[in-house]
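Student: Sequence:
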Amino acid sequence: MEIIAISDVHGDLDFLPAIGESMAKADLVLISGDITNFGGRREMRDILAEMHRFNPHVFAVPGNCDGLAVNQYLVESKTDLHCRRVDFRDWTLLGFCSWLACPHVPQPVNAHDWVSSCLDWLTSQFPSDRPVIFVSHMPPANTAVDRNGDCHSGSREIREFIERTQPVLALSGHFHDSVGWDRLGKTTLVNPGAFRHGRYASILIHSDLCSFELLSV
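Heads up: the sequence shown begins at 162 in our numbering, then just goes up one per residue.
No lab work stands behind these hints: they were computed from the structure. We put the CB at the ideal spot given by N, CA and C, even for glycine. Check each hint, because a few of them may be wrong.
Stated by the list, open to error - Computed spacing ranges between beta-carbons, pair by pair:
1) S285 / S183: 14 to 24 Å
2) E324 / P178: 30 to 40 Å
3) C312 / E163: 15 to 25 Å
Unchecked claim - SDA-like mimics (lysine to any residue), calculated; alpha carbons at most 25 Å apart, straight line:
4) K186 / F199
5) K239 / T284
6) K239 / V219
7) K239 / L229
8) K239 / F249
9) K239 / P178
10) K186 / T349
11) K239 / E321
12) K186 / V219
13) K347 / R320
14) K347 / S363
15) K239 / N216
16) K239 / I366
17) K347 / H367
18) K239 / F199
19) K186 / P292
20) K239 / E211
21) K186 / N225
22) K239 / W252
23) K347 / E374
24) K347 / E237
25) K347 / T326
26) K186 / R291
27) K186 / L375
With the hints as extra help, turn the sequences into a complete structure.
Tutor: Here it is as structure tokens:
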């Protein structure tokens, strides 16, 4: 499985033609949120149309800069991974955005309980016979991919989810300067950096072995 991973597009597609050939060769393109910069349905439609010129297999989670209209269009275009399971060829894709309600669980008053409930639902979707790729906008806490200046600012709940379920690959974004990779158990963590700055990752997975390059246009 060959993947092009991008994040934090923020509506800027200036670098898209430069990676178009790589996108076309990949099996799929995964986006870890902040696709728009507080844009709406039309902007999301236009961005997705441009990406589909190079690869028809694009899946994404929204980020904190993507509103409800963006998520609605992702759902309608069958691109959305937020609180969803998508079986793609021999793989299962799961995604999560902690800024949006999960359609599968009621939203309690306590935000911590709600996030945990959403991740519990995703845990229930883990297959026993297929490898999993997990996509979230927020990275797991206390890793090489969640640094915000001098602080670790990722999600403890997402970290616990990854430690518990052990997907082969976990993609994230949000922190533009925290480009890098790490491991949690058997899971490879990758933050490709902000695509608006020309950063992306090329990933190759075979069985449970994952290799990657962090690239810049």
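Student: Now look at each hint and say whether the structure bears it out.
Tutor: Now the hints, each set against the structure:
1. S285 / S183: 14 to 24 Å: Violated, since S285 and S183 (Cβ atoms, about 35 Å apart) do not stay within the stated range.
2. E324 / P178: 30 to 40 Å: holds, 39 Å
3. C312 / E163: 15 to 25 Å: violated, 34 Å
4. K186 / F199: Cα-Cα ~30 Å, so violated.
5. K239 / T284: Within the cut-off at roughly 21 Å; holds.
6. K239 / V219: holds, 9 Å
7. K239 / L229: holds, 15 Å
8. K239 / F249: holds, 12 Å
9. K239 / P178: Roughly 24 Å between the alpha carbons, so the hint for K239 and P178 holds.
10. K186 / T349: holds, 22 Å
11. K239 / E321: Violated: K239 and E321 sit about 28 Å apart, past 25 Å.
12. K186 / V219: Holds - the C-alpha atoms of V219 and K186 are around 13 Å apart, at most 25 Å.
13. K347 / R320: Measuring from Cα to Cα gives roughly 13 Å; hence the hint holds.
14. K347 / S363: Judged against 25 Å, a Cα distance of about 19 Å means the pair holds.
15. K239 / N216: Distance of about 14 Å is within 25 Å: holds.
16. K239 / I366: holds, 24 Å
17. K347 / H367: holds, 14 Å
18. K239 / F199: Distance ~21 Å between K239 and F199 Cα, so the pair holds.
19. K186 / P292: Distance ~21 Å between K186 and P292 Cα, so the pair holds.
20. K239 / E211: holds, 16 Å
21. K186 / N225: violated, 30 Å
22. K239 / W252: Holds, at about 17 Å.
23. K347 / E374: holds, 18 Å
24. K347 / E237: violated, 34 Å
25. K347 / T326: holds, 10 Å
26. K186 / R291: holds, 23 Å
27. K186 / L375: holds, 17 Å
Consistency note: the structure conflicts with the earlier hints numbered 1, 3, 4, 11, 21, 24.
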